[in-house]
Structures are given as structure tokens and as C-alpha cells.
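Asks: Residue-level listing of the chains:
Protein chains: 4
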Amino acid sequence: MDRIPVGILGATGMVGQMYITLLADHPWFRVGYVAASSRSAGKSYRDAAAGRWRLEAGWGAGVGDLAVEDANDLSRALSAHREGRCSFVFSALDMDKEKIRILEEAYAAAGIPVVSNASANRWGADIPMLIPEVNPRHTDLIPVQRKNHHWDRGFIVVKPNCSIQSYMIPLHALRQKGYDLKRILVTTMQAISGAGYPGVPGWDLVDNLIPFISGEEEKSEQEPLKIFGTIVDGAIVNAEEPKISAHCNRVPITDGHIACVSLEFGSQKPSVEEIKKIWADFTALPQEAGFPMAPEHPIVLQEEADRPQPRKDRNAGKGMAITLGRIRPCNVFDLRFTALSHNTIRGAAGGGILNAELLKYKGYLP
Amino acid sequence: MDRIPVGILGATGMVGQMYITLLADHPWFRVGYVAASSRSAGKSYRDAAAGRWRLEAGWGAGVGDLAVEDANDLSRALSAHREGRCSFVFSALDMDKEKIRILEEAYAAAGIPVVSNASANRWGADIPMLIPEVNPRHTDLIPVQRKNHHWDRGFIVVKPNCSIQSYMIPLHALRQKGYDLKRILVTTMQAISGAGYPGVPGWDLVDNLIPFISGEEEKSEQEPLKIFGTIVDGAIVNAEEPKISAHCNRVPITDGHIACVSLEFGSQKPSVEEIKKIWADFTALPQEAGFPMAPEHPIVLQEEADRPQPRKDRNAGKGMAITLGRIRPCNVFDLRFTALSHNTIRGAAGGGILNAELLKYKGYLP
Amino acid sequence: MDRIPVGILGATGMVGQMYITLLADHPWFRVGYVAASSRSAGKSYRDAAAGRWRLEAGWGAGVGDLAVEDANDLSRALSAHREGRCSFVFSALDMDKEKIRILEEAYAAAGIPVVSNASANRWGADIPMLIPEVNPRHTDLIPVQRKNHHWDRGFIVVKPNCSIQSYMIPLHALRQKGYDLKRILVTTMQAISGAGYPGVPGWDLVDNLIPFISGEEEKSEQEPLKIFGTIVDGAIVNAEEPKISAHCNRVPITDGHIACVSLEFGSQKPSVEEIKKIWADFTALPQEAGFPMAPEHPIVLQEEADRPQPRKDRNAGKGMAITLGRIRPCNVFDLRFTALSHNTIRGAAGGGILNAELLKYKGYLP
Amino acid sequence: MDRIPVGILGATGMVGQMYITLLADHPWFRVGYVAASSRSAGKSYRDAAAGRWRLEAGWGAGVGDLAVEDANDLSRALSAHREGRCSFVFSALDMDKEKIRILEEAYAAAGIPVVSNASANRWGADIPMLIPEVNPRHTDLIPVQRKNHHWDRGFIVVKPNCSIQSYMIPLHALRQKGYDLKRILVTTMQAISGAGYPGVPGWDLVDNLIPFISGEEEKSEQEPLKIFGTIVDGAIVNAEEPKISAHCNRVPITDGHIACVSLEFGSQKPSVEEIKKIWADFTALPQEAGFPMAPEHPIVLQEEADRPQPRKDRNAGKGMAITLGRIRPCNVFDLRFTALSHNTIRGAAGGGILNAELLKYKGYLP
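Residue numbers (numbering that gives the first Met the number 0), protein chains in the order written: chain A, 0 to 365; chain B, 0 to 365; chain C, 0 to 365; chain D, 0 to 365.
You can take every hint at face value.
Because identical chains share one entry, a pair is satisfied inside a single copy or across any pair of copies.
Derived DMTMM-like pairs (lysine to aspartate or glutamate); straight-line CA-CA distance at most 25 Å: (1) K42 to E302; (2) K98 to D69; (3) K268 to E217; (4) K242 to D179; (5) K96 to D305; (6) K275 to E240; (7) K268 to E240; (8) K218 to E303; (9) K275 to E217; (10) K218 to D333; (11) K276 to E295; (12) K96 to E220; (13) K359 to E287; (14) K242 to D125; (15) K275 to D46; (16) K176 to E240; (17) K268 to E220; (18) K361 to D139; (19) K42 to E303; (20) K276 to E303; (21) K218 to E263; (22) K218 to E302; (23) K317 to E303; (24) K361 to E104; (25) K276 to D46; (26) K242 to E263; (27) K359 to D139; (28) K242 to D333; (29) K218 to D305; (30) K42 to D305.
No lab work stands behind these hints: they were computed from the structure.
Let the hints inform the model, and build the full structure from the sequences given.
Replies: Given below as C-alpha cells:
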């Protein structure tokens, strides 16, 4: 199979760079088009990224020579689309939210599917917010979305916020076994890379942490309800439970978001042993269909008392697995545990690629 | 008034050093006796502390010349007691818990009051676990304790664990106004100094955190119930509420424990505005009686969205005030907020000194 | 004596904040005028600093209520000058270097003395670059400078870069005793606060350091030669020695610049013991005349093998003393040692205030 | 070719773990024998390492089931040697230096070659201290060594200290082109992992650095002279130059030692451009003979002004390449640059494996 050429919008930012890195050896996709702000437009990607490359890993063959286009200039993307250099785009745009919303719509309207990391379009009732292990059927919204907008080939799918990635799959695994989740209290300790670059000043992160991340708690509380929602008459109807309360903190760690979760079940309450078994055994469509980006075990259980730890566990499953530890009864609710996910892989670019793999698998990509 | 000479058990450890520092200019107490492990015994404090002094601040006049005694050798302490060099002792011992328990009892039995930071004696029903702003009346247990043990002058009082210091005073302020507290979920991010020295290896704290502190969650859940307890027939009867569940984490910060707290009230639920007013206005016996170590405002409210932060706020009230921020409704319970206290000042040596000031005020010290 | 009212240009930046803090209790000066960028102009200092205050300590009485003026608007400063609210200004401006140069000249031309932290005017041959312990006589340039510019009351003095503060006083002490310094190799490890705020991104400072600070090595190599220079015919003639080579690194530390220094003497080579004595005994005009900001001992010797350390030693002498340790022969040159200074106190605002104290002492301030 | 079974002495320590990790997929060697202190003896490696595993990567097939032996019990190693489970040993022992010296000799005397990371045997005149890119011919000492000790098959080779790894290959490349090196001044900023585990307390590494590492400066100054030495009459005669002076500092970084180097050439002084070319082009025996652990480019040049940086560059060449940057004239000597090597890969276990590959290539291993 020829690799599908994809575009990266926001290619020079931290998430864009991670896309470039992760797609270097991807069997289905290859980077064929890169776009960023008008400031970078016209340079080679090599030159545009010079002095701004934040990652250890390098990029795929040929990417350095690609000309960086202005992401706002749709005509360049359309040319690339017609010339077979950009079948669809990953959106890692970092600009005014309303502008992102409109720009992503414009790409979709022009026939270019958009797989987005941005929060701008997360709340459209016909826009699936996907975690492929959790709600792959929400792709059924794509035909509805196209119809609503009179789009023929384009569409938009989004991924949820990085702060919830470490517990959504475990929660889903429990719901799937018939256990209702009533209420959740979660405190996160989130890595610096989640704030992009330059992001949080070093001055604020030495011998310190910041107990606030703008907008993060609201996203953490609301997005799960859409992901757990059901499609009724061509629109997502959000789940009513679990009720979530989130405390989000920024800590001096490069990558890896930790969540301390306390969970109240409904009347059916599984034992800790049963829960561990459900999690250890969990697999889903990405594993079963063998998506390239899917970790063999989406959930890794750590039995050591002081794990998961960000630096030591974030790369489990090449950054796509969730690591859980300290699984034990809660003194107030029913269960508590500590969850970790790699925020720029599973929580951003890797999650976006997995979404694209799902779309490819379901036939929504050329 | 002549300053009362006090002894420090465990004088060379991190908490012991903080006692030395904080007592340097204390108007009521002065360090007259220092004891540590047999390894340090016989040296001057200057020599024993050389290469082990972990703090920025220095010590009071004369302390460097004090001979370090073996803390296990009660006869040395008794000589010092008789000779007017050690009216009572602060116990900052760091050794086997059962040995601490017995040794502190031996000091008390010998007529030397013990104001302890250790956890060894926290669960005796006749031993007050004191936060002077919260349960100063629990000193009424001292006569009972003496009677129970047939001690004439000695006694033991303890302070609770450092992990709960940032929210006990705020919770007490609410209870005092008649608001029942039903349930609390708390996640802490605790500083390195709480683990003593050498404590947590640097390897585990760069680009990392540790989601586990041995024994800390149990203490956090149980100790508040004793502090909120009542004396019935000469013994503490623990409070039944609030039910607490704690997630305790170690983060790469030198000093300052942060707690993210979610709180469920009983049927009476104060508004956020009312709560802020209660906290801003709160003072208690230490403030009213003018204890030297007491902060003018035990609770400092921070209105900036991203505070309290450990490095910037831990020294509020010379490390004795609690700083609260992010006071807002909880999506699951009623209220949430972020609390900070300096763990080696309010949470350790400073709290111990405030306890001694309470005891002095109440006439329990010579 | 009434405290002299002073102005702070760049009052909301990190160095400006440090001026505000250090002047809170200053016996000779008080903050009477604050200016910043046009963005802050018109607000009270309290409002302008809200959300931007980076320090632990607070500010002096009345400062919060001062109206922030536009630093570019000289007419506001002149009004304040005439009305007795601004006798002279501390310049902590952070803008285009050429603009700073011109603006500082404009203040001087308007009759307002400028005590500057900026590098813009450091190379004027009639502008003294002062470290009061080292070259207090360079103030003799002030009359020359006034004459050159036809200024009647205004003038400009500057302080050198923060990177050299930890070794200039020790080097001077040796020169003063007749020991020539031929060559110096210095590697610095410099704190984050030296880069201002937001400064270095947190992403670059966790599990990392940056082996480059733009322009810092050149300043480190050239400025000492002016400071050690002599006034000949109304202009500084730079010293020819020591020849300096500097490697400057940024490390994840909040405050405190460390320098590892290797030093080659001329033909006269003092012993390590003699050097230690020279340093331990060193005092200069600021100490002898009792300047309020002067540390009692400008040089503190640390005998412990693993000192000085930034967090533990930077506040020596209230941040105004230099701490030296590891004084030993060099395997290649004659002497090596490790030096530490607090970069935002001695190396910035505290150094600026000490310069002003020198100027006051010498009668150059009203 | 069957993989040669090797033993790891000190298998549970930080360097031992790195050996286990790096050998997991090694084409020539496999771990067949693990030994540690008597405390771990008798456990499976899995159990012995539980709770002590410090690395992200895992270990090779079968290693978890290996029984950990007591490294002091030579009879166990001999049995393993005879049974084909341990052809030679990597020594990563962490105990009293004199004990290591004697124990390594005992292994060699018993016929088991020792490839050591320890410093204990570095100064034997018949013991090669190897960097395979620099002094591969020093293996000619092995027959001499055997003869001196009347050993038939055993021998000892050592690798030098991790602190010098980042500049020895670059220096060698210059010497090899005929440029004499007269004097070197080097300041290192060394990672935590170099101190083993638990190593440096976290308390000393937050907002701080330590300007001292015991014994490190002496090693840095003396070991290069042996490596650059020549074999005369069956013994190493140390080189007389370059004269080196080292300042060694511990910084809060997990892995990756940085060195700031200033270098004085002899009369022949290459230009910066020529030096860059020499370094970019440099390869040696390990590259030419295709040793599995050898990086394709032993020296990587970084042209960006602010590199090398530990976190971003330490894994160049899978941790076996040296990264150089900031190559520029020195204001005092001739040349200065910043060098980085991964201290637990190139500087420890990876370097040890490369030494073993050299020995295998030269026929010294079975």
C-alpha cells in the first residue's frame, strides 16, 4: 500500500513537531504537506524548524525539504490536495480559538478532512470527539455532519483534551462491563509540554508548581460526557454521568500527565481484584484491528507501590499506553487509583494519528 | 522574663535544625540542651552539625558550643533538667517508632515534659494531638495522662502530621461556625523536606514525581478525627466526621505542602462568599493571647487565580500562616480549594513551638 | 534625615520589583515615582503589578497606590522631579538597547540623575561602571560627563553585568594587595532570574541546562577591564589585564550565579593561605562608611568542601555578600575557586542601590 | 554466531541495570550470569531488582529468571564459567575500592576476563584504560599483564571515568592530526546518575547545584594522560601533556555530562574550520570494523548556538556519540567548546560493552 500523504497544520509547534516525528516511520501515512503561520511560510521545514525543534527524535525523509505554507491560505492546501500531496490534514493549530474553528471548517468545506487536536470544534453536536478504544462508533456522525454542512468529502473529527486521557480508557472499560460510574473526583499533575512552547516560564517551575491551568478543569469535567454520549437522531446526546470535579495543576515535569482519581460506582460495585482483571484484559478495536499506532496493551498495570511515575512510565506502549497504579479502595467513594498518560503522544499527536487510523479503517479516508 | 531553657531531641536532623533556627530569637524559650544519636554524642553542636546543616539560617548564640548528648541516655537529660538547662524537650527523633514511643514515655516518666513531632505517641487516648488554633482545650488531657501514668510533672503532647496542616485550620473555622463537614477528598503534593535528609533521592525527583508516601494517607485520614474529637471521661473520643480520603504525592519542591481539597458539607451549606469571610476573619487563642510564634492572620486568602504556589507563598506569616486560593464550588461536593502550608515550619518545628507556647500559656510548663 | 524620593524606570519587571522590595525599609531612599511601559501607564502600581509580581517579599507603604507613568514620557518624570517625588531614577528598563541609551541620556539631560542596571550606556568613556567596593573613584567621571554633555545636574552611572559580580570583588582584593592578574578562565552557571520574566521557558530547564546566554560572555570578558581601568584626561582607559575567557551557562536555579574561576597571577604569586586571609579581611568604602546596603563582610569564605551552593548561600549578607569556596591551587594556572553572588540583589537592584548610596555619600545626589 | 554469555558483577546497581538493558538485543553478547551483594544473592534477578529498577527500558529474555549470585563468591562464577554461562564479566561493582581491586584480580586469576567500570584497577601500569576510538592498541598490555601475574586466560581492562568521555575523543582526533595539546581548563556539569542510587539527595538538587564531586577532578586530570600514554617495555608511560585543570559540578539533570573546555595548542594551531572538519570526519576502529555498540559518527557537531543540551542531545548515536557545540576561539587559550556525553551509556555501560567488542575483535575473548 502506498502511504497516504497527509498535511500538518501548525507543523512548527510542539504538537506539530510530534506529528512529524511519529509519522516518520508510519506504515499508512506520510507527511506531504506542512503549514504554519505566515511567519514561517516560504521557508523549508528545515529552516522554519531551525532553533525551534524541541524534541529529541528527528523527522522523516524528505520532510526537511518541504516548503512550509501559510495555514491560513487554503488555496495552497487545495493545490496540494489536488496534486496528491495532502489527502487530509492533522490540525495542531495554535491561534485564536474562533479563528481555528472557522479555518478547520473551511478546510472541511473545501473537501479536506480535518483530524484536529484543537479544542475549537469539540462542541459541535455532529462532530465526533474520538478516543478509538472508547467511542469508535461516533464516527457515524461523519455522514450526518457532511449532510448538515452540505460537504461532500470533507469533515472534522476531534480528540479530547490531554488532561483526561489517562482515565477515560479505564473508565470506559468499567462501564463496558456494566458498572455505572456516578461521581469522580480527580486531581491532575500535568506536564509542561501540555502548555506548548514557550509555555510556562522556567521561573515559575523551579521549586514550585502552579495550581491552575486556564480552562482545563472545565474541559476535564465536560468532555467525558460527550465521549460517553450516544448518537440520537444524528446528534450526540451527552451522558449524564459520571459527574466529575477536577483540580488541575502544572508541575515541573517535561512530559506525562498524572491523575489521582477517586470514583463512585452505582449500585453494582466491582471488587479491586475484578477491576484489575478488567483493566489488564482490556483491548478494543484498535488492538483487534491492529492499528499501527495502537499499543498492544492499552492499559498497563503497575504493581509497585510508588508507580506510575512520569519519567519512568510515560513511554509505556511507545507513549500510547495508559499506566495505572495504586489501585485501592477509596475511603470516601469506592475506588481510587493513579493514572498516567504521555500527554504529547497519547494525549496529542499519537492520539490524533490513532484517530486517523480509525477513520482509514472505517473507510472515511481516501 | 528569663527565657526557659529547652532541649531538642534529634537536634541534628532536619526538623531539629529547624527548631534550632526558629528558637534563635524566641522571646520565651532558648535552646539549652541538644541530644541526638550516639554517633553525634560528645561533639559540640557545631561539630556535629558540620556538613549536615541543611538550612540557610543559622543558629542562636551559644548553641554551637553546646555538647551533643545521646538522646537515649536519659541520665544526661535529667542532669540538665536538674541543673536548669532543660525544662522540657522538643522531640524530633528519627528512629524506630516503637523506640521513640518508649523513649518519649521515659522522659515524661522522669518528669521532663515532651512536646513531640513524632508520630509514635499520636494515638494514646490521653495524649493531646494539638493545633493551638483548633483544639487548645485538649490540653485538659494532661492531668488525666499524668494520673493514668502516675507521672507528677512530665507529660507528652504531640502535633499531627504535616500533610494535614494546610486544611485543618480552615476546616475548623467552618465547623466552629456551625457547618458540618461530611466528606473530604484531598490530594496532596508534598515537599521533599518532609522526608528528612537524605530523604528522597535526586534521581527520583528530576522530571518526575512519586505518587506514594508510606503511611501518609492513613495519617491524613485518621488524625483529623482525633483533633476534632471531644474529651469524654478523660479520654479523646474521635469525631466521626468528616470522612476523608487522601492521595499523597511527593513532588520536586523543597518546602511547602499543597493540598487540593473537595469538601461536602452537611445540610447547612455556606456560600463561597461566606466561607471566604469566615476564613479571612478567623483568629483563635494563639492570636488573641499573642503567642510569639502565632501568625497575625492564621489564614491568608490569595485572590490571584494561580495561587497559592509553594515557593511564593510558603513563607506567609513567617511560615506559620496557611495560604488558601482557588476557593470555588465543587462540581461533585460543595466546595473546593487549594491550600498551602510550610511543612517544616507550621507543619513541624514551628507547630511544635506553638504547642509549647500554648502549654506555657496554660501553665503546664514551669 | 528625610528619605530621598526616587523613581524606578521599568518598575513592573523583575529587577524593578526587586528595587521596590529592597527599598521598602531603606533608611535613605523611598520610592516616590514608578514608570513602566505605556501598557501599564495610568494604573496604580498595585493593579499594574497584579498577576506579575514574582517575588515573595512585598513592597513599601504607599507604593501600591502610586500611579504608574509611561517611562518614555519624560514630562511626567520632570513634573515628579519638580514636585519632590523623584530626585533621581533607578533604570531597570527592558526594551531596545538603543532606545534605553537615548532615554537614559534624556533623563540626565533633563537634570535627573540615572543609576542604571541596563547595559546600554556601559561603554561611554565618561560613564562610570561602578562596584562601590572596587572602583568608587570612578565617580570622578561625573563632573567630566556633565561638562562633556553640558548637563548641569543630571548624569548617568551604570553597574556591570550580573555574571561578573561574584568574582570582581575578590579579584580587586588581590590586585589591591599588589598581585597582578594575568589571565582568567571562568565558567558560569547562571540562574533563571537573570533572564527576566518570562525569560527561559520551563520546557528548556527541566532535566536540562542551556550552554549559551546571548552577549553574556562578551560582557564578562570586557567589563572587568573598564572597572579596573584608570581615569586619564577625563576618560576611562581600560586595564589591559586580566585577559578573561568566559563560558556562560543557564541552569535550572531561581537565583544565584555560580562562577568556577581559574586564575593566573603575574610573577608575584600569593599562597592559598594568604589569599584566604586577604579575602576574609577585605572591606572597602561601603563597609567603612556604613552604607545601609553594604554587607558587613563583602566576602564570605565557606570552608565546607561542597559549598558555595546557590540555594543555601545566595542570601549571605542579605544577598549583598559574595560567597567563595573550594579555594585551591589550579593545575594549569595558579589558583582556582568557586564564587557565588545573588544575581538580582548584588547583581542587579541591590548593586544599583549601593551605587546610589555611594553617590549620595560623595555628594552627587541632592 | 552464538551470542557469548557474559556475567554482570553489581547487576542490581544503576550501571549494572544499564548493562542489562543495553545487552538485551546485543548481537554478540547475552547476559548469562548476574551477581550482586550477598543481600540479593539467592533471589531471581526479577525479585532482586523489584523496587530498585531505575530505568525506563526493560531487560532481555530470560534475565528476570536468572539467579542472583554473591559477587564475592568466586566459586559460583567459576561454575558458571565452566558451564558456559559466563565467558567473561563486566564489573560494575559498587563497594570499597580496595575490595574491588582485589576481587577483580581474583576473577582474572581464576581465568575470567574482567571488563571493568570501576576505578579500582585503573592505575596498574599493565592494565589498559580503554576508549576504543582512542587507544585500542593498549590492549597489547593484556599479554604483558598475564605474564606479570602468571595468569593464563584472565585479564583486566578498565574504562576511564565518565567525566572525561565527552572530550577525550575530540582531543584524540586533534592529536592524531598532529596538533599538540598543551593545556586544558575544563568545567563539568555532571548528571545525577553518575552518583549511582540513591546518590545525591533530592533536597540538594532542587533550586541548587553542588560545586564538588569527591575524587572527580583528580580523575579528570590524570586519566587522560594514561589514555594518551605509550607502551614502553610492557608498561604504560603516561603522556606529559595536556596539563588539565578540572572544576567538577553536580547539577539537577538525570543523564548527560556537559564539559566546557578551553584548550591551548602547541605551536601548530588549527583554525576553527579545520577543527570542525577534523571532528565531523573522525571515525576510528570501532566504526571501521563495525562494532555493534559503535555510533556511526562518534562526534556529532551541533551548529545551533545553544546546543548541546543534555536532555535533547544525550541520546545521539544511541547514547554512544559525543555531541559538540559552541566551537569558537578562546579569549585566553586557543579554542573553546562545549561537549556532551551520556554518562551511563558512553560513560559507563555502553563504554564497557564497546571495550568488550574491541577485545572480541582482537581475539582476547573466547
